[in-house]
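**Q** The two chains are supplied separately, each in an independent frame; assemble them into the complex guided by the hints.
These are the residues of each chain, in order.
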Amino acid sequence: KQEVTQIPAALSVPEGENLVLNCSFTDSAIYNLQWFRQDPGKGLTSLLLIQSSQREQTSGRLNASLDKSSGRSTLYIAASQPGDSATYLCAGDNYGQNFVFGPGTRLSVLP
Amino acid sequence: GAVVSQHPSRVICKSGTSVKIECRSLDFQATTMFWYRQFPKQSLMLMATSNEGSKATYEQGVEKDKFLINHASLTLSTLTVTSAHPEDSSFYICSARGGSGDTQYFGPGTRLTVL
Numbered sequence: 001k002q003e004v005t006q007i008p009a010a011l012s013v014p015e016g017e018n019l020v021l022n023c024s025f026t027d028s029a030i031y032n033l034q035w036f037r038q039d040p041g042k043g044l045t046s047l048l049l050i051q052s053s054q055r056e057q058t059s060g061r062l063n064a065s066l067d068k069s070s071g072r073s074t075l076y077i078a079a080s081q082p083g084d085s086a087t088y089l090c091a092g093d094n095y096g097q098n099f100v101f102g103p104g105t106r107l108s109v110l111p
Numbered sequence: 001g002a003v004v005s006q007h008p009s010r011v012i013c014k015s016g017t018s019v020k021i022e023c024r025s026l027d028f029q030a031t032t033m034f035w036y037r038q039f040p041k042q043s044l045m046l047m048a049t050s051n052e053g054s055k056a057t058y059e060q061g062v063e064k065d066k067f068l069i070n071h072a073s074l075t076l077s078t079l080t081v082t083s084a085h086p087e088d089s090s091f092y093i094c095s096a097r098g099g100s101g102d103t104q105y106f107g108p109g110t111r112l113t114v115l
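In order, the protein sequences belong to chains S and R. So in this note's numbering, the last one in the first sequence is 111, and the numbering has no gaps at all. So in this note's numbering, the last one in the second sequence is 115, and the numbering has no gaps at all.
Heads up, some of the hints might be wrong.
[To be verified] Mimicking SDA-like on lysine to any residue, the simulated pairs with C-alpha atoms at most 20 Å apart in a straight line are:
| # | chain 1 | residue 1 | chain 2 | residue 2 |
| --- | --- | --- | --- | --- |
| 1 | S | K1 | R | Y58 |
| 2 | R | K41 | S | I7 |
| 3 | R | K41 | S | E3 |
| 4 | R | K14 | R | T57 |
[Unchecked claim] Facing chain S, according to a computed beta carbon distance under 8 Å, are these residues of chain R, among others:
| # | residue |
| --- | --- |
| 5 | L44 |
| 6 | Y58 |
| 7 | T103 |
| 8 | Q104 |
| 9 | P108 |
For the record, the hints were derived by calculation from the structure and aren't laboratory data. Here a beta-carbon is modelled for each residue, glycine too, at the ideal position from N, C-alpha and C.
With the rest of the complex left out, here is chain R (with noise of 0.2 Å):
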């Protein structure tokens, strides 16, 4: 089956600075690719919606300008959380759309945790 990776899969860095996961797709392409978050003992909820050669759209009460992201092939997906402060201590999942049957495979997540 289609598989999509994600790295790192765990990430700790000091308040202020910027992490870059990413989230590609092994063994098809993608066009479209979806970032969700994922809060402690809470369900995922989308980010935003990365289409290969545009700009993302991001949902409601998500700030472009913290959560970079950019989909420059048809394989690789990257969310840059930028000035990242303990409030973005979160699980990031990526999915990929693709692949037969028109469907989305999930990543396996980065947990980030921000000191």
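Isolated chain S, as found in the complex (with noise of 0.2 Å):
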């Protein structure tokens, strides 16, 4: 069965701050994997979907990368700014299944 965690569950930065969320998953097997954006008391905005048989995916000042052999996937985010603050949620799907989610990382960047 699926298990996806992330770390930190945390993180606090200044602006302008590159920084790098991790989420970590035990079975290979995955077929999709999607980073979502959550605001207190608001539902899920998708931000990247890598699919399939892709590696990356890039929108913006977010980057996405998945290595399936290892069970990892980094979410980048290059020169944070305030209105990033908002808990990141990772989660995949076995082909067919339903997602997976992570417990998330709350991030706070500072002004």
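**A** If you want it as structure tokens, here you go:
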């Protein structure tokens, strides 16, 4: 059964720093790996989706990579801004199955 | 991209009443929909898997008689919380599998508060 963990649980950085959020999963047969952002009291905003045979996705200041053999994904945020403050969730699915979510990393970017 | 909607976005009800939440795939057909629940300061946990035209599959610990799921068409699944109690207060999110890329698309969620 797929299990997803995220490190760190919380992170506080000054504005402008580059940062890396880590996600680990137990089943290398993972099919899709997705990173979400969730603001307090709000729903999920999909940030990046790495599908099946892909290894990396980029959108603006965000870059996500996936290494199935090591069971890891990283989300890189460049030049962080206070507006990036939120909880970041990673989730993976096995083909045809539900997404399994990690516990999230709570990010605070200080002005 | 594929869009999934949920209605209502927020509902407040009295203890003992039933609440229905709708999940719709707006521009694609979804043979499978998933229902997740998120308690405060926790991550999302799968409640049940809903396949069009068949009975839902519930995760361990989720009462199927309390959380009724109906997936009557390829674009609509409903979750009914029967005889809701304050401990059912949570954020309920659905996802629908289909569209291009064979992935899942998430709805915006429904916040249920039971008084």
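**Q** Looking at the structure, which of the earlier hints fail to hold?
**A** 4, 6
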